[in-house]
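A.B. asks: Here are the chains, one letter per residue:
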Amino acid sequence: MGDLTNDQFFYLITVVKVVVVFAVLMTVLAYLQWVERKVIAHIQVRPGPYRVGPHGLLQPLADVIKLITKEDLIPPHVNKPLYILAPFLAITFALLSISVIPFGPTISIAGRETNMQLANLNIGILFILAVSSMGVYGIALAGWSSNNKYSLLGGLRSSAQMVSYELPLSLAIASPLLISNTLDLRQLVNTQSGGIWHWNILHGPFPQIFSFIIFIIAAFAETNRVPFDLPEAENELVAGFHTEYSSMKFASFFMAEYANMITVSCMATLLFLGGWIAPWPAEYGSSYVPVLIFAAAGVISLFHGAQAHLKMDKITFPVFGVIFLIIAAVFLLPIVQAWLLPLFWFCAKVGAILFAFIWIRGTLPRFRYDQLMSFTWKFLFPVAMLNLLVTGFLVALRP
Amino acid sequence: MDVILFSVFAIIAVVCAINVVVQTHPISSAISLVGVMGSLAVLYLLLGAEFLAAAQVIVYAGAIMVLFVFVIMLLNAGAETKEGRSLAVQLLGVPLLVAFLGIMAYFVQRLFPSSTMVHFGGFTGGGVREIGRALFGAYLLPFEVTSILILIAILGAIVLARKEMD
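Going down the list, the protein sequences come from chains A and B.
Residues 1 to 399 in my numbering are what the first sequence lists, from first letter to last.
Residues 1 to 166 in my numbering are what the second sequence lists, from first letter to last.
These are computed hints drawn from the structure, not numbers from a lab.
Here a beta-carbon is modelled for each residue, glycine too, at the ideal position from N, C-alpha and C.
Among the hints, a few may not be true.
[Said to hold, decoys possible] Examples of chain B residues lying across from chain A (beta carbon under 10 Å, computed):
1. Phe51
2. Thr81
3. Ala157
[Claimed, not checked] Rough simulated footprint, nothing fancy, chain B against chain A, three-plus residues with beta-carbon under 8 Å:
4. 52-61
5. 134-143
6. 150-156
7. 370-382
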């Protein structure tokens with residue numbers, strides 16, 4: 001690659017990054033569903049998907065094939081242009097925000113610097129807010145154009161809910177931005193470098209623990225997740241806004257929901273949890289944490305494989321154990337550590353928040369609609385406002 | 001590149017704006033208006049006003065138009081029915097439109113001579129910092145007066161809504 005000009009290198013690396021991020025994102029979207037079904041199943045003391053592949057690992061693939069090959073019905077009395085447009089809007093705006101999220105620091109490939117990010121904007125946060133505020137059209141239009149009372153109710157609820165929860169969400173975002181004094185996502189992470197006590201959630205004149213909690217609550221409502229999944233409340237609205245959708249159009253709403261979950265988890269990680277920065281500096285051994293975790297996972301898998309009852313598990317557990325041990329060994333290589341360690345910490349933080357999403361779905365019941373609205377307007381919004389005022393005041397007093 | 005993007009989004013904005021008027025159903029008109037807002041945001045971005053572009057999408061396309069769509073959906077407004085145009089409209093419509101556009105073009109030509117043409121990338125004061133300094137420095141009074149005005153409007157709306165409820 002040495003004889004490429006800078007422009008050629010830029011285009012080449014951008015295409016490669018787009019392909020890699022898209023492929024990884026699609027895989028994660030498919031497997032997040034598997035993880036969710038498995039976690040909820042274990043919360044409810046049942047095994048979950050088990051038949052397709054070892055421990056249901058090929059279930060997402062089967063789901064994708066099923067959804068693609070299903071008949072794509074368009075009901076007769078729908079508003080056809082908007083009915084077709086709605087899922088496109090939902091999935092486009094959901095995937096678009098991933099393009100500005102940084103996954104790691106600047107790294108050098110073949111002697112040239114490049115960011116672990118698709119596009120670096122100096123208004124990255126505002127871009128994500130703008131794109132995610134457009135996402136409501138997909139759901140609202142789907143509900144309206146379906147010409148079905150349940151869909152319409154779902155669409156109405158969703159637009160009211162998303163507009164209402166955007167206020168505390170934006171106010172919760174504003175406070176860490178005041179502390180970090182930038183809208184650039186890379187700089188935002190760089191101001192939090194140094195360890196867990198420098199992260200915005202614990203650092204600054206006023207630790208942002210409250211705005212983190214407000215952000216997470218509002219994010220649950222923005223992504224229409226339990227306990228705020230009123231737009232698709234299945235025991236009152238059949239399936240809410242996507243009642244009339246089938247095949248890939250139906251699937252794109254689900255993909256949009258999961259992509260939005262990933263986006264808000266990434267945002268929470270970048271704003272409050274220090275992005276790709278390790279919880280404590282490398283000189284105190286934080287670079288050995290991934291090695292230990294993967295080695296432990298490998299050893300546990302091998303142990304379970306040795307005393308497995310099922311015939312299949314006698315093969316699959318040792319195979320996964322060896323894979324985990326290989327990953328642990330890879331983390332020890334100094335060549336890949338520069339980009340693999342930040343990526344590990346970023347994925348670990350995002351994964352922890354995603355797990356919380358699933359955990360809460362398995363734990364909490366759904367809000368009633370009036371509770372949902374009075375909660376945001378009478379509690380969440382004033383608290384977020386107060387938090388912003390206190391933070392602003394203390395930042396202004398900071399020498 | 002800038003000129004191509006400008007042409008594409010300017011054309012989209014104009015087509016969407018015409019579509020707002022032509023469409024008979026309120027929802028289709030509202031969606032076209034969202035298209036206008038979105039393309040305007042891209043035009044702001046091309047001119048170097050990135051904060052204004054983001055605010056345009058967040059506030060207009062993302063909040064105000066969502067409320068529009070919400071209200072249209074809530075009232076379940078049906079499609080407009082086309083009524084026969086009156087004689088005056090049929091005779092005077094097109095000539096008046098041409099005359100209006102002509103006057104507009106004349107004044108724009110007079111007010112902005114070609115030496116002050118806008119250049120893409122020539123303006124760099126559109127960042128968040130500059131906008132913030134302008135709003136809370138030079139334009140503090142108009143900014144605060146506007147926010148008081150909006151507050152009064154909100155209070156008025158609440159008072160009217162309460163009267164309905166009682």
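A.B. asks: It remains to establish, for every hint, whether it holds in the given structure.
C.D. replies: Hints, verified against the model:
Of the supplied interface hints, the one on phenylalanine 51(B) holds, with its beta-carbon coming within about 6 Å of a beta-carbon of chain A, less than 10 Å. The criterion of a C-beta within 10 Å of any C-beta in chain A is not met by threonine 81(B), whose closest approach is roughly 17 Å, and the hint is violated. Because the beta carbon of alanine 157(B) sits about 15 Å from the nearest beta carbon in chain A, more than 10 Å, this interface hint is broken. For the region 52-61 of chain A, the stated coverage by chain B is not satisfied: 0 residues place a CB nearer than 8 Å to a CB of that chain, which falls below the threshold of 3.
Under a criterion of three residues with beta carbons nearer than 8 Å to beta carbons of chain B, the stated coverage of the region 134-143 of chain A is upheld, 6 such residues being counted. For the region 150-156 of chain A, the proposed coverage by chain B is satisfied: 3 residues have a C-beta within less than 8 Å of a C-beta in that chain, meeting the threshold of three. Three residues within the 8 Å Cβ limit are the bar, and the region 370-382 of chain A against chain B gives 0, so the coverage statement is violated.
Consistency note: the structure conflicts with the earlier hints numbered 2, 3, 4 and 7.
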